[in-house]
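J.: Take the sequences, apply the hints, and build the full model.
Protein chains: 2
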Amino acid sequence: MTEPPPEEPATVVKRRPGRRPGTADTRGQILAAARETFSEKGFDKATIRGIARQAGVDPALVHHYFTSKEGMFVAAMELPINPANVIPTILAGPREEIGERLVRFILTMTADAEARQPVLALVRTAMTNDRMVVMIREFVTQALLNRVAEILEIPPIRMEVAFAQMFGVVLMRYVVELEPLASIDIEELVELLAPTIQRYLDPPR
Amino acid sequence: MTEPPPEEPATVVKRRPGRRPGTADTRGQILAAARETFSEKGFDKATIRGIARQAGVDPALVHHYFTSKEGMFVAAMELPINPANVIPTILAGPREEIGERLVRFILTMTADAEARQPVLALVRTAMTNDRMVVMIREFVTQALLNRVAEILEIPPIRMEVAFAQMFGVVLMRYVVELEPLASIDIEELVELLAPTIQRYLDPPR
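These protein sequence lines map, in sequence, to chains A and B. Going by the working numbering, the final residue of the first sequence carries number 205, and the count climbs one at a time with no gaps. Going by the working numbering, the final residue of the second sequence carries number 1205, and the count climbs one at a time with no gaps.
Hints in this document: simulated from the structure, not taken from any laboratory. Beta carbons are placed, not taken as given, at the ideal position from N, Cα and C, and that holds for glycine. Possibly wrong hints are sitting among the right ones.
Simulated DEER-style distance windows between Cβ atoms [to be verified]: (1) A:Ala-111 <-> B:Pro-1203: 27 to 37 Å; (2) A:Leu-152 <-> B:Thr-1047: 48 to 58 Å; (3) B:Gly-1028 <-> A:Thr-67: 51 to 61 Å; (4) B:Ala-1060 <-> A:Ile-186: 26 to 36 Å.
Covered stretches of chain A, going by a simulated chain B footprint (3 or more residues, C-beta under 8 Å) [unchecked claim]: (5) 126-138; (6) 169-180.
T.: Shown next, in the form of structure tokens:
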């Protein structure tokens, strides 16, 4: 078995013009272009066309790989989930149990260190970088908060304070590590938090 | 009117050994020593005696200036309030209105840019500095969360999720600047958040 010499081939492929589209390398180039474009322009002003141009590929190829601008953002930032895929599942089922389902989903997902690591890395960067804040704000607003608010027919402010509650809990549990919050069982937290989230997501009286 | 020449005298005083204790310079030296000690040892392990030694002054002088370790922490980090001074006022009055009073107090205080700036600066540093996280966690736990939990006779976890809610709201309002959260009226937020905080701070059923 002759192994190819390490490093060299990838470098050569990267620099070879006129290569076939659709290699792993192309995907990586699109993601690098996406990261650059999102952090420069924010989420709202970035376009698939612009990212394709930046990567030197056809926009159809970007669509083929990532389906949507959101899908590309999720891949570029290595986020554990795409809200577009998860929201329908969480919002399905009885409306009076949405709080519980949402809280359990967020706590279960963030209990996985590999899933929460890229999210926390993004938050850390954003705390000291204004352009990253804009990018994250626009993505969270468009892909998550406004979409759920629209489906549930509630004012966006209610989604925002619900998001603030869950964001605060995850931050205090995994970054600040307040005790007992850092080590308490998920189901105990669900019991405490679900009525809060349910109230925010109920139609305002 | 002859004004003293600028700069020079302060510099001279600073460098003169054997100066009388209790000058503005001494206070500054104590605060510098406090910042160093707190960030190195955290809040719990730091002592007034140790900080006095670090500053080269008598512990009685530190007591004279800052009354307590908490008072010294508040001054060293330029925090807008000392929890020890504020908690009794907020917890006075009808128990069923604590949620409302607490939410209004936090939102009014953080509406002042000068008051929230040092707090947010501390949070920013902590996001990328593990020792600062320890220091803040210990201070928040000792000076704020456990103290209130004890007075209200509720489990600390309930104070922690209440804190997470308010911390998340302030972060989303002033750092991430989610809209409409960033520009909504304080009283509208009080209406939305007070029942949440009230429920956490009520005796568990």
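J.: Decide, hint by hint, whether the structure agrees.
T.: Structure-based check of all given hints:
no.: 1; hint: A:Ala-111 <-> B:Pro-1203: 27 to 37 Å; result: holds (29 Å)
no.: 2; hint: A:Leu-152 <-> B:Thr-1047: 48 to 58 Å; result: holds (52 Å)
no.: 3; hint: B:Gly-1028 <-> A:Thr-67: 51 to 61 Å; result: holds (59 Å)
no.: 4; hint: B:Ala-1060 <-> A:Ile-186: 26 to 36 Å; result: violated (50 Å)
no.: 5; hint: 126-138; result: holds (count 6)
no.: 6; hint: 169-180; result: holds (count 9)
Hint 4 from the list above is the single one not met by this structure.
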